[in-house]
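In case you want the letters, here they are:
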Amino acid sequence: MAKELWKGNEAMAEAALRAGVEAYFGYPITPQTELLEYMAREMPKRGRVFLQAESELGAINMLYGAACGGVRCMSSSSSPGISLMTEGLSYIAGTEVPVVLVDIMRGGPGLGNIQPSQGDYFQMTKSLGHGDANALVFAPSSVQEAVDMVYNAFDLAEKYRCVVVILGDGMIGQMMEPVEMPPERPPLTEEQRPDWALRGAKGRPPRILTSLNLTAEGLERANQRIQARLAEIRKNEVRWEEEMTADADLLLVAFGTVGRICKSALRLARQAGYRVGLFRPITVWPFPEQRLHELAGQVRGILVVEMNAGQMLLDVKAAVAGRAPVRFYGRLGGVVPLPDEIAEQVASLAASLPGDGYRPARNGHQGVAPVVASAAVKA
Amino acid sequence: MSTDLSQYEVVYRRPEALTEVYTHYCPGCTHGLIHRLVAEAIDELGIRERTIAVAPVGCAVFAYNYFNVDGCEAPHGRAPAMATGLKRTQPDKIVFTYQGDGDLAAIGTNEIIHAALRGENLTVIFVNNANYGMTGGQMAPTTLAGMVTTSSPYGRDPHLAGYPMRVAELISVLPGAAYVVRRSVHDVANVNKTKAAIKTAFMVQMEGLGLSLVEVLSSCPTNWHMTPVEALRWIEDAMVPVFPLGDYKVAEAVVPLTKRTRAAR
Chain Z
1 MAKELWKGNE AMAEAALRAG VEAYFGYPIT PQTELLEYMA REMPKRGRVF LQAESELGAI
61 NMLYGAACGG VRCMSSSSSP GISLMTEGLS YIAGTEVPVV LVDIMRGGPG LGNIQPSQGD
121 YFQMTKSLGH GDANALVFAP SSVQEAVDMV YNAFDLAEKY RCVVVILGDG MIGQMMEPVE
181 MPPERPPLTE EQRPDWALRG AKGRPPRILT SLNLTAEGLE RANQRIQARL AEIRKNEVRW
241 EEEMTADADL LLVAFGTVGR ICKSALRLAR QAGYRVGLFR PITVWPFPEQ RLHELAGQVR
301 GILVVEMNAG QMLLDVKAAV AGRAPVRFYG RLGGVVPLPD EIAEQVASLA ASLPGDGYRP
361 ARNGHQGVAP VVASAAVKA
Chain Y
1 MSTDLSQYEV VYRRPEALTE VYTHYCPGCT HGLIHRLVAE AIDELGIRER TIAVAPVGCA
61 VFAYNYFNVD GCEAPHGRAP AMATGLKRTQ PDKIVFTYQG DGDLAAIGTN EIIHAALRGE
121 NLTVIFVNNA NYGMTGGQMA PTTLAGMVTT SSPYGRDPHL AGYPMRVAEL ISVLPGAAYV
181 VRRSVHDVAN VNKTKAAIKT AFMVQMEGLG LSLVEVLSSC PTNWHMTPVE ALRWIEDAMV
241 PVFPLGDYKV AEAVVPLTKR TRAAR
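Residue numbers (our numbering), protein chains in the order written: chain Z, 1 to 379; chain Y, 1 to 265.
The set of hints was computed from the structure by calculation and includes no laboratory data. Treat the hints with care, since some could be wrong.
[What the hints assert, rightly or not] Label pairs and their calculated CB-CB ranges:
#1 Z:T215 to Y:D43: 45 to 53 Å
#2 Z:R239 to Y:R13: 56 to 64 Å
#3 Z:Q192 to Y:H24: 30 to 38 Å
#4 Z:N223 to Y:G32: 26 to 34 Å
#5 Y:L160 to Z:R239: 52 to 60 Å
[To be verified] Going by beta-carbon spacing under 10 Å, a handful of chain Z positions derived as facing chain Y:
#6 A23
#7 P178
#8 G203
#9 T210
#10 S211
Every value quoted in this text rests on a predicted model; they were computed, and no experiment measured them. Idealized CB from N, CA, C, for every residue including glycine.
Just chain Z, same shape as in the assembly (with noise of 0.2 Å):
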């Protein structure tokens, strides 16, 4: 199939109608509000469902009703609003239905601005609002991989009985690229509907659909019993990218956009003679902890770099565990890092370890500007 041009927002969307999403909720917010207008328009051409709520809270609670009824359901949003959602996300994951959301990240924290960021990495991966949950996170780092992620996430929601999120940001959901879609996929039919799934006890008993057990015994059944899905998507879906890892003694680490601005930082600190790798998770929960541990047993030092001031640092400082050291690079309120400016930090970090000879080749490449201070964040 040939590629067309796609707004990543709006490819999101085409992605979900074709894995045969029938019921989309939300409410606008810059910078992801193009993924609703498409469905506003594309929904009902299919005899779909799609309503506009009347604040993130309603619209999250109409994801949750439809996720009880097993039908394929979604909803988007950006920061601000997903903070609103966070108390549903809760209830939903308690609950044990499964529903796609996307999170189109702007800058914070409070109403903050509507450039890219990716300060909702702890929102996303750490508090699904309150008690013990976690949703599957993808990070696309291309309009392509966001549509390849929305259109496998139906499937993966409805296998584990979870909340997958699609965590991008402003500059995913606003650029356009090549983009090849998936193949249509038919809706459920009313025999596919899961044996959960309240549809009226016709013939049956009753289905009850509820997050609240009030023994303790029973509630910390219901936490092992999510716990153990969540124990098999840690086993079967997480994903990372590599590159040039193979003779790397220096690693990058970014997700999302940030990944994808590492490729061309890590282009330029090669041509500066740096033997730099990069590494990106795809899943930022569950994280590539393993494989990030390994490799850290590899390379001299690790720079993480995020739109956000440390978030995922986090995580990669607990997946090192020590084995090398870890310095971290951030921009915040929606500054993009550049490839030069990464680059440069890749040049300070090798320039600070301990001394063993190993310099850069400088073979009339065009060579690596000292450290700039700036309002950057510095770790």
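Let chain Z serve as the given structure and place chain Y on it in line with the hints.
Leaving out everything else, chain Y in the frame of chain Z:
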């Protein structure tokens, strides 16, 4: 030794739409009675096998255990949104929420107002007992002026803590609401009227006419510190003057339905 029952006519039995369990409601609380009225309406309309109940947070949080239908439990106040998601994706089902005054009139005002505005084909059973029962009798938006609760220990002062919220009146002005009435269960005549209203409300949904809401004044002997009989009297003497019973919105298309339920009674 057994008695031959065939010669007797059954005049009273548990509705099929109620499960055979003990309830957790306090002695004298009228939630159980209202549950029964809902169940009778479901049975009489023959919709049990296609009904889905949405329980609130509050005293009725376990409502799904008592109704013999598919059921779920919403976050506090969000039942109308959750019910919207269910009904929009399964329009052939009958979806109702059963909500208390803290749930619907405080934390969930946004959800109920917008569900009504959109004319969602939902039935809302709104139980008003003028306080937060489950958490131990705190002030609710429906608490009467001067009424002592654990969070208004000096009596609710409207200048500091606001005025009682009249939900039926509020929802009735929204164009998407088709049937909005206030009833009470403090005596037999009113119980019968409540039953007819609940049945009408479900019929409104079956006809796809828009949101139907039945506000029911209900007793809370435990938190009102009254005997069950005193509590029923207090509904009539203290609550009804603030929350007048009546039909606040009966859309034109609903009028024939009210005649049918009245005749059936």
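Now for the hints, and whether the structure bears them out:
Separation of T215 of chain Z from D43 of chain Y is about 32 Å and departs from the stated range, judged on CB atoms against 45 to 53 Å. Remark: the range hint 56 to 64 Å for R239 of chain Z to R13 of chain Y is upheld by a beta-carbon distance near 58 Å. With their beta carbons about 37 Å apart, Q192 of chain Z and H24 of chain Y fall inside the hinted range of 30 to 38 Å. Between N223 of chain Z and G32 of chain Y the beta carbons are some 32 Å apart, a value that agrees with the proposed interval 26 to 34 Å.
Here the CB-CB span from L160 of chain Y to R239 of chain Z is close to 56 Å, well matched to the stated 52 to 60 Å. A hinted interface residue such as A23 of chain Z counts as satisfied when its beta carbon comes closer than 10 Å to some beta carbon of chain Y; here the least separation is about 5 Å, so the hint holds. A distance limit of 10 Å between C-beta atoms decides the matter here; for P178 of chain Z the minimum to chain Y is near 34 Å, and the interface restraint is violated. Annotation: interface hint on G203 of chain Z holds; nearest CB of chain Y at approximately 7 Å, less than 10 Å.
Contact between T210 of chain Z and chain Y, as hinted, is supported at the beta carbon level, the nearest pair being about 4 Å apart and thus within 10 Å. Because the closest C-beta pair between S211 of chain Z and chain Y is about 7 Å apart, less than 10 Å, the hint holds.
Hint compliance for this structure: hints 1, 7 are not met, and every other hint is.
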